[in-house]
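Participant: Below, each chain spelled out in residue letters.
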Amino acid sequence: MLTTFLVLASSRLAVRIKAVSAQGALLSVLYLTVRGHLFDIHTIALFFITFIVKTVFIPILISRTAKSVQTKAEFEPVMSSPVTLMIGAALIVISFTSIRFFPLVTSHVVSTLTVPAALATVLVGFLILVTKAKATNQVIGFLILENGIFTFGMTIISDFPMMVEFGVLLDLLVGVFIMGIMIYQINKTFDHIDTRTLSVLGDE
Amino acid sequence: MGIILLPLFLGIVTFILKGHEHRIIRRKLLITGALLHNAGVVTLFFVPDFFSFSPYIQVDKIGFLFLILTSFIFTLIAFYSLGYFPLKRLETAAESGGHIFVSCMLFFLAAMTLAISTTHVGILWIAVESTTLASAPLIYYRQSKRSLEAAWKYLLICSVGIAIALLGIFFVAAASKGTGSELSLQSLTKNGMLLNKQLLRMGFILILIGFGTKMGLAPMHNWLPDAHSEAPSPISALLSGALLNCAFLGVLRFYQICESAGLEAFANKLFIFFGLFSLFMAAIFITAQKDYKRLLAYSSIEHMGIIALSIGIGANFAGMLHVVAHSLTKVLLFLAAGNILILYRTKYVSEVNGLLRTSPSTGILFAIGGLAIAGAPPFLPFISEFLVLKHGLLTGHYYAMFLYLLFLGVIFVSMSKTVFRMVYGKKRDLIWGELPKTMFVPLAAAAAAIVMLGIYLPEKVALLIETAGQALKI
Chain S
9 MLTTFLVLAS
19 SRLAVRIKAV
29 SAQGALLSVL
39 YLTVRGHLFD
49 IHTIALFFIT
59 FIVKTVFIPI
69 LISRTAKSVQ
79 TKAEFEPVMS
89 SPVTLMIGAA
99 LIVISFTSIR
109 FFPLVTSHVV
119 STLTVPAALA
129 TVLVGFLILV
139 TKAKATNQVI
149 GFLILENGIF
159 TFGMTIISDF
169 PMMVEFGVLL
179 DLLVGVFIMG
189 IMIYQINKTF
199 DHIDTRTLSV
209 LGDE
Chain H
-12 MGIILLPLFL
-2 GIVTFILKGH
8 EHRIIRRKLL
18 ITGALLHNAG
28 VVTLFFVPDF
38 FSFSPYIQVD
48 KIGFLFLILT
58 SFIFTLIAFY
68 SLGYFPLKRL
78 ETAAESGGHI
88 FVSCMLFFLA
98 AMTLAISTTH
108 VGILWIAVES
118 TTLASAPLIY
128 YRQSKRSLEA
138 AWKYLLICSV
148 GIAIALLGIF
158 FVAAASKGTG
168 SELSLQSLTK
178 NGMLLNKQLL
188 RMGFILILIG
198 FGTKMGLAPM
208 HNWLPDAHSE
218 APSPISALLS
228 GALLNCAFLG
238 VLRFYQICES
248 AGLEAFANKL
258 FIFFGLFSLF
268 MAAIFITAQK
278 DYKRLLAYSS
288 IEHMGIIALS
298 IGIGANFAGM
308 LHVVAHSLTK
318 VLLFLAAGNI
328 LILYRTKYVS
338 EVNGLLRTSP
348 STGILFAIGG
358 LAIAGAPPFL
368 PFISEFLVLK
378 HGLLTGHYYA
388 MFLYLLFLGV
398 IFVSMSKTVF
408 RMVYGKKRDL
418 IWGELPKTMF
428 VPLAAAAAAI
438 VMLGIYLPEK
448 VALLIETAGQ
458 ALKI
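Chains as they are written, first to last, in my numbering: chain S, 9 to 212; chain H, -12 to 461.
Excised from the complex, chain H in its bound form:
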């Protein structure tokens, strides 16, 4: 409870502190919020029931994994923002709404935390909708025509999507009628067998479409490339690394209910279909992509597809591992893309080259991230992708695995080609001089995490992911 209210409170405080003279205080508050949130999550690790004041807010095993990830990523991005936005401000003359921006970031954190930690389906819906509302102003930071268009699309498409999810939740509620269960996860899964199957099935489809819109599953992904490419880079990283996970968690909660009602096979089929379709769409658009931030956005769609697929074939551990892998890598990449954007002032792949010589540290970090996300060993995404494949073959999903490999192959080739083109080449002159340290350290931390975890997965971490994967099975 505390970790939800705290960012909310700080958000309101920053909202009040307008004007230039408060800029430094606002920055400090952002960092404080992030660090305190971290502290809260760590306490939760040692004292599991510390924050459960209300019966509807309880962090379970899956939620805890997502919570750690969100908290960690938010901290990285908060530090990165300290370096990024002052530089960005040199570029766009009209600086306004700094207080709105910081407070929206904190509101966003609060909403995500609520979405992760609640077990009541109604509160889950409210939280996910609030994440949309809190992040729409963030996308609109640049106040240009393009970012306005992206923010409008995002707001409208996601709101409608989530409204459909609400309809789905009502269907699930109707399915539980007469079983005497409350609309919380525990009581729904406990009475799973009593639920009305037909209604639950319809409800699940609606929820998958609704939260799937938010999660960026094709064919409901239209908002995602626009929003990710137009939002400022730290926000893209936050959307991709944390928000998509929250939406996915929303779907997972209902997957658990389906599982308890014995509709596992039905839900799995849907997951496999949407997963493969997302991979397919991503493979097509990644190949022909000229804008590197859009490229990364489509890569998010690809990875959401992989995650859905892995749950669909029952590879829960691999799926959870991939959630972690994707978030860390994508944060690294989007932040590196932010550096590139500031160094080169262009979003076109064709105009970026010689990154390794122009800014060696950005170049190296971007190359690591690019190779990792494309699926090259020995990084963490490779491990999880491989585990998905292994599990799929063992359980006999040959067609799905064939398509999976095909799409991954296409994506690997085109992604790595793009990354190499950007990294190698002649040195360019720097416009702003060398970038400040806060713009490298968070990246380096994320890069270190994916390399380390790729080579050696510590027992503690493995156990955490394993229990989350097992908690998914009822």
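Excised from the complex, chain S in its bound form:
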């Protein structure tokens, strides 16, 4: 939760990447707490793999792309930082209040706050995706969105086969990898990665 806010507030790319990485770590720890009572192979494996993918691989990938495209430029918000923060706060309030309408049964181990927190993460991820113009930031927004969805999924279900969970993670990893390559290409062709210039295509 806090990490999401940090991403919103911070204007430096490196901080954002660290925040996402921390979020990934929290997420993988959550795997352990959700199952709590029984430490079977499934849980442990999931914990390790999520941790490796989300906290190690993906942040490294992003920071490598970021380095290769040489962007330290921080000031680019379509909307100013305070405004996005306000909207983010509003979204979180909304998700916490609206949660009563969802007839969700969470497992007893997790506190009831996890579901609204997950929902808020999804919404804030969206917000970042929409308001940030740089391609790397959009990827970060996408990752936060995914993290939110994962948290959500984890708290309500526990019966996905392990293969499926790994598949989802693998997809995510490859996705970020391809996005990284494309960011590099965008930078090469346009000399910057501001997606606002990607608007040639359209209908008049």
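Just so you know, not all the hints are guaranteed correct.
[As the list claims (entries may be wrong)] Per the computed footprint, the stretches of chain S lying under chain H, defined by three or more beta-carbons under 8 Å from a beta-carbon of chain H, are:
{"#": "1", "region": "146 to 154"}
{"#": "2", "region": "182 to 194"}
[Unchecked claim] DSBU-like, lysine-lysine: derived pairs with alpha carbons at most 35 Å apart:
{"#": "3", "chain 1": "H", "residue 1": "Lys334", "chain 2": "S", "residue 2": "Lys196"}
{"#": "4", "chain 1": "S", "residue 1": "Lys196", "chain 2": "H", "residue 2": "Lys75"}
{"#": "5", "chain 1": "H", "residue 1": "Lys277", "chain 2": "S", "residue 2": "Lys196"}
{"#": "6", "chain 1": "S", "residue 1": "Lys196", "chain 2": "H", "residue 2": "Lys413"}
Simulated from the structure, these hints should not be mistaken for lab results. Backbone N, C-alpha and C define an ideal beta-carbon position, used for all residues, glycine too.
Please arrange chain H on chain S, whose structure you already have, making use of the hints.
Facilitator: For chain H alone, coordinates are given in the frame of chain S:
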């Protein structure tokens, strides 16, 4: 299982074979992959359980129809690519990444096959996301600013869309909590009545939005015209003829779950709404369109709308028939558009004329496709569109049918006007000389299929589509 792993394996092999000297081997591998996939699908027809090694991978009746279609279309496009890309290479000097391209095509085929043949909702999600990942590099083939923009939009919009679908799948999973059912289609539909209705409803909306993004339903269609117009023509054909179907199948799987839970009326309403809205958007943008590949892309949105609408009013047979009709016709058109692009080197309708004299075979094929997709008799799309109308009127969806006819009318007029303008006129000089044969034969095959099936639907084919339509009803 074999038909999934094979293209995957060949894809990896081609990925390793870099460089110019391996070009011919790569081409051969592409064709081999396509043909072997065909063979696999045919075996499946005779021995239904041949490939079901795992409980999660099973081809059911609907899946089989989609699988045949995908396999057939992929083969046509593989042959067409043999003629198209060498010519294209004369134009764009920087030739690179041929090995990536071919292997992505094969990965794409593998991902689509998995999406069609799985019955587990989680694997379905993985497969659909992989199709996005495998096809994004394909769109970026031309390596220009425009294609880069299209590929980025495609990747980001579809990934986010599919992430939303994942949220939807989690909702469905939450709905099944306590019923003791696994997250596979059979067990979910079997326990349909026990599912939590409210959660299922929310889940279905999220999934419809998510996979609907991929399927190109308005208003989530923004990526589609860009991606289809910027991708090389064979890839546009593949996206339009095969990928949209896979995404649609994803939605259908959850429709079946809704149906089993007695939420049919609710899901139908959503389908009718999104269907009509897509038709509306397509009608507007087709009328004012100057770029013929974008025109075809919007026409895909239109037809996805028709398919959603037909399922929404319960015309399952017509809907399935239209899936077949649209895929075949759109492949024909996009490939013909590829020929035109090479002959004229422009994507503007206003700069293309005299197609019938410049290249008679392309002209005739394009005219057939254009008329068919606009909905003129006696081609296959006309038959299915008519059946949708008939069923709609019989079941009393008068308003929906009125709007449907109105939009179809508008689209018919503007599409056929454009096609005629492009086909008639003075002869132009050819830049590259006559095109190679591989660039006509696949088109002719698709054209023959829509004409033949339009005039006479063989019993076997009809039965196949009929059973698929019935399998949709639980």
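Participant: The structure should be examined with respect to each hint, and the outcome stated for every one.
Facilitator: Hint-by-hint comparison with the structure:
no.	hint	verdict
1	146 to 154	holds (count 4)
2	182 to 194	holds (count 7)
3	H:Lys334 x S:Lys196	holds, 26 Å
4	S:Lys196 x H:Lys75	holds, 23 Å
5	H:Lys277 x S:Lys196	holds, 30 Å
6	S:Lys196 x H:Lys413	violated, 42 Å
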